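Novice: Residues per chain are reported as follows:
Number of protein chains: 2
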Amino acid sequence: MENFTFYSPTEFVFGKDTEKEVGELLLKSGAKKVFLHYGGGSIKKTGLYDRVTASLKEKGIDFVELGGAKPNPVDSLVYEGIELCRNESCDFVLAVGAGSAIDSAKAIAAGVKYDGDFWDFFDQKATIEDALPVGVVLTLPAAGSEGSVATVITKEDEGLKRGLGSDLLRPRFSIINPELTYTLPPWQTAAGVVDMISHILERYISKSEDVILTDRLCEATLISIMEAARKVTNDPENYEARATICWAGTIAHNGILGVGRREEWTTHGLEHELSALYDMTHGAGLAVLFPAYMEYTLDEDVERYYRLATQAFGVPENHYDKKSVALEGIKRLKDFFREIGMPVTMHEANAKEEDIPKLLETLEKNQGRKFGSFKKLNLKDARKIYEMACA
Amino acid sequence: MENFTFYSPTEFVFGKDTEKEVGELLLKSGAKKVFLHYGGGSIKKTGLYDRVTASLKEKGIDFVELGGAKPNPVDSLVYEGIELCRNESCDFVLAVGAGSAIDSAKAIAAGVKYDGDFWDFFDQKATIEDALPVGVVLTLPAAGSEGSVATVITKEDEGLKRGLGSDLLRPRFSIINPELTYTLPPWQTAAGVVDMISHILERYISKSEDVILTDRLCEATLISIMEAARKVTNDPENYEARATICWAGTIAHNGILGVGRREEWTTHGLEHELSALYDMTHGAGLAVLFPAYMEYTLDEDVERYYRLATQAFGVPENHYDKKSVALEGIKRLKDFFREIGMPVTMHEANAKEEDIPKLLETLEKNQGRKFGSFKKLNLKDARKIYEMACA
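In order, the protein sequence lines correspond to chains A and B.
Per my numbering, the very first residue in the first sequence carries number 1; after that it's consecutive.
Per my numbering, the very first residue in the second sequence carries number 1; after that it's consecutive.
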């Protein structure tokens with residue numbers, strides 16, 4: 001087990017009707033003027049916008065708003081948010097929406113307190129030293145941004161999709177009402193499920209030895225997510241299954257499932273190029289790439305994949321042929337992604353084999369020529385993984 | 001699943017040599033003068049005291065100290081600590097030790113900021129509205145106080161042992177170095193293991209339906225604790241097993257294993273009377289009482305105990321006779337407690353059947369005449385549980 005720090009100071013307020021507590025939580029956080037940030041307007045259709053703003057008004061909290069956050073949130077909206085937030089002297093950023101709204105809210109919160117160009121943080125030219133506090137009302141369990149240090153922003157003109165993390169970006173509070181997810185399109189639910197599974201696998205598939213408690217917590221969460229995802233396919237208003245997915249999405253990325261392990265994040269790096277080039281849903285890109293990454297790195301640690309297959313994916317044990325068991329585990333994961341409606345090949349995701357050179361070009365810009373710690377990879381390996389994902 | 005708030009803002013710094021980071025963590029917390037609180041002096045024998053104070057000196061942090069915290073920490077030391085802490089104008093309370101030192105440190109931290117008698121908090125005559133920040137260097141994984149809201153103090157003259165919780169008492173940071181636990185006497189290791197298992201069971205044995213993810217996380221942790229406890233019996237310097245026990249002890253009580261469930265805490269209430277009357281080690285008292293409580297409440301929800309038996313204690317499934325399976329699970333837990341050297345009857349713990357009226361008398365003072373939510377209990381039920389624990 002590696003030494004670790006686990007720090008997850010966010011107050012998670014979870015359950016039915018909890019969005020009505022947002023005013024009270026803002027008051028407790030000392031917010032006076034809130035910068036309210038959201039996505040494409042679905043929160044207005046569902047009435048969530050009205051409930052949230054009513055709660056703010058009830059507590060006498062002033063706010064200005066900026067909608068328009070899209071999946072793979074872009075730098076232009078962050079610049080716009082920073083300017084508006086400064087002009088209006090907001091002291092708290094509230095994201096109401098999915099990971100995209102939360103991620104751009106985090107970037108705005110950091111950018112407001114920085115004199116230079118906020119992209120400096122993503123270019124590693126500057127470190128976040130101050131940020132406005134951020135709060136969240138979550139509408140889509142997927143990115144885990146409601147409990148994480150992370151934000152991922154796309155710089156449109158250069159086609160760069162980059163992430164960074166800072167404890168200063170961890171939300172003060174995150175409100176999670178599973179009922180808000182009843183009306184999600186099946187595609188979005190499924191892409192979210194793939195995303196959270198990937199967040200666990202990026203921690204689980206690691207060379208750190210002997211972290212048995214973390215392993216078991218990861219396996220327990222994987223089993224629960226897959227079981228719940230199958231339930232909501234036929235029964236989208238199943239509260240318990242929705243709640244399981246919501247909470248699993250949060251703990252998949254707040255750090256608790258990574259303690260004691262060196263984390264990996266290679267497949268996320270490979271996927272960022274896919275979603276930047278095609279504006280692909282992040283979860284869909286992960287569904288395409290993760291099984292390919294796993295197969296490509298299988299020989300690096302068959303034992304690890306064997307454990308995953310038997311403890312999380314229900315493959316019967318067979319000590320005489322662990323590699324076949326491990327491969328069957330990867331196949332089951334791929335089958336599961338397909339079952340819930342995700343693409344599992346580049347072709348199914350409308351990505352083209354002939355674009356692989358383009359993907360490698362931006363990958364090199366973002367990650368350099370070498371990456372990965374579970375298996376050390378270079379651009380040639382990356383090409384092979386993209387190729388494997390085509391079939 | 002019940003609505004819940006999960007809030008665990010403590011920064012957990014875990015691993016080898018981490019006690020050397022205490023000065024840096026105090027500096028980050030803004031501490032200027034530290035009230036250093038510890039137990040019976042074992043930290044001086046092991047050199048931990050020297051390493052901690054060296055780290056403080058290195059960072060230029062002034063401190064005053066008060067040792068003497070004992071298992072079942074007492075009010076007199078809390079009063080002494082409050083006075084010293086005030087006279088010396090300390091602005092941070094650092095506990096170096098086991099749950100006892102942490103619990104009295106928490107009571108001191110709250111008492112310093114309160115004009116009245118700190119026992120008012122435990123008498124429910126007052127609510128904690130302010131407290132000095134608390135930090136921890138943990139030496140014994142057991143109470144989980146390093147990550148919890150809770151403190152339990154014994155009022156000696158009246159023989160009352162009472163607990164309370166407040167988010168203001170959650171440690172700012174907790175340093176957990178598993179190597180510090182290598183030299184623990186086997187009895188203390190075992191009592192700690194019982195304590196953390198009990199913290200999970202107080203959450204798991206509950207009537208709240210459909211909290212499958214929390215259930216699985218609990219079961220994963222129970223399995224890991226029991227496996228690791230067996231390892232350290234023969235191999236006390238097994239780092240991985242010690243680390244598993246340490247981290248399990250923390251997550252068993254920081255709230256993550258209780259989300260979505262109504263928590264119980266009845267057996268803890270019953271045990272407090274045992275440890276108050278006999279100055280018994282808390283974990284030993286729990287080893288005596290928990291199996292009795294479980295047997296007594298089995299019929300309330302056989303399904304629940306069946307799941308526990310099959311998913312955490314390795315009893316084979318048998319859908320035709322779930323009650324026998326459930327009973328076998330309770331037996332296995334009791335056998336495990338015995339195997340690691342814990343008493344499993346009042347007699348083995350040097351408690352006397354003829355004292356039961358005394359236990360009931362203080363129980364009534366502390367808890368009233370009715371308690372429990374999994375099964376509603378009165379003093380007659382409590383008598384029966386104590387009696388069952390005699391055999």
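Mixed in with the good hints, there may be bad ones.
Which copy? The list can't say, so a pair holds if one copy fits it or any two copies do.
[What the hints assert, rightly or not] Distance condition first, Cα-Cα at most 20 angstroms in a straight line; then the derived EDC-like pairs of lysine to aspartate or glutamate:
hint: 1; residue 1: Lys-59; residue 2: Glu-21
hint: 2; residue 1: Lys-45; residue 2: Glu-303
hint: 3; residue 1: Lys-384; residue 2: Asp-167
hint: 4; residue 1: Lys-384; residue 2: Asp-130
hint: 5; residue 1: Lys-57; residue 2: Glu-83
hint: 6; residue 1: Lys-365; residue 2: Asp-335
hint: 7; residue 1: Lys-45; residue 2: Glu-24
hint: 8; residue 1: Lys-375; residue 2: Asp-167
hint: 9; residue 1: Lys-70; residue 2: Glu-156
hint: 10; residue 1: Lys-358; residue 2: Asp-115
hint: 11; residue 1: Lys-16; residue 2: Glu-2
hint: 12; residue 1: Lys-375; residue 2: Asp-62
hint: 13; residue 1: Lys-28; residue 2: Asp-210
hint: 14; residue 1: Lys-231; residue 2: Asp-210
hint: 15; residue 1: Lys-57; residue 2: Asp-355
hint: 16; residue 1: Lys-44; residue 2: Asp-62
hint: 17; residue 1: Lys-28; residue 2: Glu-129
FYI, nobody ran anything at the bench for these hints, they're computed from the structure.
Quick caveat, the model's predicted, so the values are computed rather than measured.
Novice: Now look at each hint and say whether the structure bears it out.
Specialist: For each hint, the structure was consulted:
1. Taking the shortest Cα distances, Lys-59 and Glu-21 sit within 20 angstroms of each other inside one copy (10 angstroms), while across copies they are farther apart (42 angstroms).
2. Within a single copy, Lys-45 and Glu-303 get their C-alpha atoms no closer than 49 angstroms, and across copies no closer than 43 angstroms, so neither meets the 20 angstroms cut-off.
3. Taking the shortest alpha-carbon separations for Lys-384 and Asp-167, neither the intra-copy value of 35 angstroms nor the inter-copy value of 51 angstroms comes in at or below 20 angstroms.
4. In this homomeric assembly, Lys-384 and Asp-130 never come within 20 angstroms of each other (Cα to Cα): the closest approach is 41 angstroms inside a single copy and 59 angstroms across copies.
5. When the C-alpha separation of Lys-57 and Glu-83 is checked against a cutoff of 20 angstroms, the pair qualifies neither within a copy, at 24 angstroms, nor between copies, at 45 angstroms.
6. In the homo-oligomer, the alpha carbons of Lys-365 and Asp-335 never lie at most 20 angstroms apart, since the shortest distance is 33 angstroms inside one protomer and 60 angstroms across protomers.
7. Within a single copy, Lys-45 and Glu-24 get their C-alpha atoms no closer than 24 angstroms, and across copies no closer than 50 angstroms, so neither meets the 20 angstroms cut-off.
8. Proximity of Lys-375 to Asp-167 under the C-alpha cut-off of 20 angstroms is found in neither arrangement, the shortest distances being 28 angstroms within a copy and 43 angstroms between copies.
9. For the homomeric pair Lys-70 and Glu-156, the shortest alpha-carbon distance inside one copy (13 angstroms) is at most 20 angstroms, but the shortest distance between copies (62 angstroms) is not.
10. Proximity of Lys-358 to Asp-115 under the C-alpha cut-off of 20 angstroms is found in neither arrangement, the shortest distances being 34 angstroms within a copy and 69 angstroms between copies.
11. Taking the shortest Cα distances, Lys-16 and Glu-2 sit within 20 angstroms of each other only across copies (9 angstroms), while inside one copy they are farther apart (38 angstroms).
12. Taking the closest pair of Cα atoms, Lys-375 and Asp-62 never come within 20 angstroms of each other, the shortest separation being 51 angstroms inside a single copy and 47 angstroms across copies.
13. For the homomeric pair Lys-28 and Asp-210, neither the shortest alpha-carbon distance inside one copy (41 angstroms) nor that between copies (31 angstroms) is at most 20 angstroms.
14. Proximity of Lys-231 and Asp-210 under a CA criterion of 20 angstroms is satisfied inter-copy only: 13 angstroms between copies versus 33 angstroms inside one chain copy.
15. Taking CA atoms no more than 20 angstroms apart as the test, Lys-57 paired with Asp-355 passes in neither setting, with 50 angstroms inside one copy and 59 angstroms between copies.
16. In the homo-oligomer, the alpha carbons of Lys-44 and Asp-62 lie at most 20 angstroms apart inside one protomer (19 angstroms), although the nearest pairing across protomers, at 55 angstroms, exceeds that limit.
17. Proximity of Lys-28 and Glu-129 under a CA criterion of 20 angstroms is satisfied inter-copy only: 14 angstroms between copies versus 23 angstroms inside one chain copy.
In this structure, the hints that do not hold are numbers 2, 3, 4, 5, 6, 7, 8, 10, 12, 13 and 15, in rising order.
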